[in-house]
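As a plain string of letters, each chain reads:
There are 2 protein chains.
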Amino acid sequence: MTNRQVPLVVIKRLPRYHRYLGELLDNRIYRVSSTELSEKMGVTASQIRQDLNYFGGFGQQGYGYNVQMLYDAITALLGLNKGYKTVIIGAGNLGRALANYAGFSKRGFSLIGIFDTNPALIGKEVSGQIIKHYDDAKDFIKAEKPDIAILAVPKVTVNRVAEDMVSYGIKALWNFAHVDLDLPGDVIIENVHLSDSLMTLSYRMSEFGERK
Amino acid sequence: MTNRQVPLVVIKRLPRYHRYLGELLDNRIYRVSSTELSEKMGVTASQIRQDLNYFGGFGQQGYGYNVQMLYDAITALLGLNKGYKTVIIGAGNLGRALANYAGFSKRGFSLIGIFDTNPALIGKEVSGQIIKHYDDAKDFIKAEKPDIAILAVPKVTVNRVAEDMVSYGIKALWNFAHVDLDLPGDVIIENVHLSDSLMTLSYRMSEFGERK
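Chains as they are written, first to last, in the numbering used here: chain A, 72 to 283; chain B, 72 to 283.
Just so you know, these hints were derived from the structure itself, not from any lab.
Just so you know, not all the hints are guaranteed correct.
All copies of an identical chain are treated as equivalent in the list; a pair is satisfied when it fits inside any one copy or across any two copies.
[Unchecked claim] Restricting the straight-line Cα-Cα distance to at most 20 Å, the calculated cross-link-like pairs of lysine to aspartate or glutamate (EDC-like) are: (1) LYS156 <-> ASP253; (2) LYS216 <-> GLU107; (3) LYS83 <-> ASP207; (4) LYS226 <-> ASP97; (5) LYS242 <-> ASP143; (6) LYS177 <-> ASP251; (7) LYS83 <-> ASP143; (8) LYS195 <-> ASP251; (9) LYS83 <-> GLU278; (10) LYS226 <-> GLU94.
Keep in mind the model is a prediction, meaning the values are calculated, not measured.
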């Protein structure tokens, strides 16, 4: 199975497929039709069939899809079977919320360290990890080689922290500071802008208000 | 100016336009060319011109765009000038992180209450608000009429909480529990799935690894 030809729009739907198929498995449902999936996903059944054909076509006429096989294929495609190791930089409310985030380990990621500069936080435990000083991040990262750094630091410091991470050998950043990080080289960056979704909500409310 | 004909794909870009234009204003830059915007936004200059024409076309040949006018138009289009009032349900790490989220009030939203059921949290202050018991949310919401309830509660309780909110008169939900809420009626829901973006990151890492 190659994923070279999978269009971006299909890739973007993968996490949602993964979520729904996982819920089906949790509910011990092992078989699903494209019609049922289509209702859950909010796209047409023919779109579902097209999407899933990219992943090897696990559907059988009159039977539907084998949920476990489809789930496993999408898990592999998303790299969730790689056991990626993560560190969190910033142990404020957001950093601690992310550390405690249940979906994290369920999706194959392991948290191996959490760092901050605030003396009031260092030494405290969160999600089984003792918060360490940021000054110790360099040696730790060089020794333990985590794959992903999760940046839960303020906007004003995030650029410096991101550069530090890259210089310590980190290849992927999951950034929650409200700025689009854009670093040179082969670093993979995913910027999360919580306010974007709040603004989408607000747009829909305001549009709805006008419609009435 | 009507927003009826603005395509969804353009709407989805609005928060990003808003963010970049806001950064320009912060840096006292009052004029921008479509080429400059295009580099920042990562879409073509002709796409930028097309997008912005939907909002009244504030560009002038040889001058570029008036940043403030464009920013104000997009602010209004996104409903960020409506002064929407919010409450947060759930004062755990995520709820407190959201309460302290700086981009919140900057974008015209005000937080008027935060609720939890955990006795250890009730009475504590977060972001200028005293955490109240969830049992008091009903009377509070009926009296104060917030526009948006931000749901930072566990997956297992979110459906009940969402139903409560709607029955108290809330018309919009910003949901952080890892489930796609889908309520009957005219409630506007925006579901945030943090793990979706983590999975996208993971997909890109795994794809990149194979490419090497």
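**Message:** Treating 20 Å as the Cα threshold, decide for LYS156 and ASP253: within, between, both or neither.
**Reply:** neither (22 Å within a copy, 34 Å between copies)
**Status of ASP97 relative to LYS226 across identical chains (alpha carbons, at most 20 Å)** = Between copies, since 14 Å is at most 20 Å while 38 Å is not.
**Message:** My question is about LYS195 and ASP251: at a cut-off of 20 Å on alpha-carbon distance, are they close within one copy, between copies, both, or neither?
**Reply:** neither (30 Å within a copy, 34 Å between copies)
**Request:** Indicate which option fits the pair LYS226, GLU94 if close means a Cα-Cα distance not exceeding 20 Å: within, between, both or neither.
**Result:** Answer is between; shortest inter-copy Cα gap is 12 Å, intra-copy 36 Å.
**Homo-oligomer pair classification [ASP207, LYS83; C-alpha up to 20 Å]** = neither (36 Å within a copy, 40 Å between copies)
**Asked** Given a CA cutoff of 20 Å, do LYS83 and GLU278 count as a within-copy pair, a between-copy pair, both, or neither?
**Response** Classified as between; 14 Å across copies, 26 Å inside a copy.
**Request:** Tell me, please, which holds for LYS83 and ASP143 at an alpha-carbon limit of 20 Å: within, between, both or neither?
**Result:** within (17 Å within a copy, 31 Å between copies)
**Message:** Within a copy, between copies, both or neither: which one fits LYS242 and ASP143 at a CA-CA cutoff of 20 Å?
**Reply:** neither (25 Å within a copy, 38 Å between copies)
**Prompt:** Are the CA atoms of LYS216 and GLU107 at most 20 Å apart within a copy, between copies, both, or neither?
**Reply:** neither (42 Å within a copy, 38 Å between copies)
**Message:** When Cα atoms must be at most 20 Å apart, do LYS177 and ASP251 count as within-copy, between-copy, both, or neither?
**Reply:** between (28 Å within a copy, 18 Å between copies)
In terms of the numbered hints stated before, the structure departs from hints 1, 2, 3, 5, 8, listed from lowest to highest.
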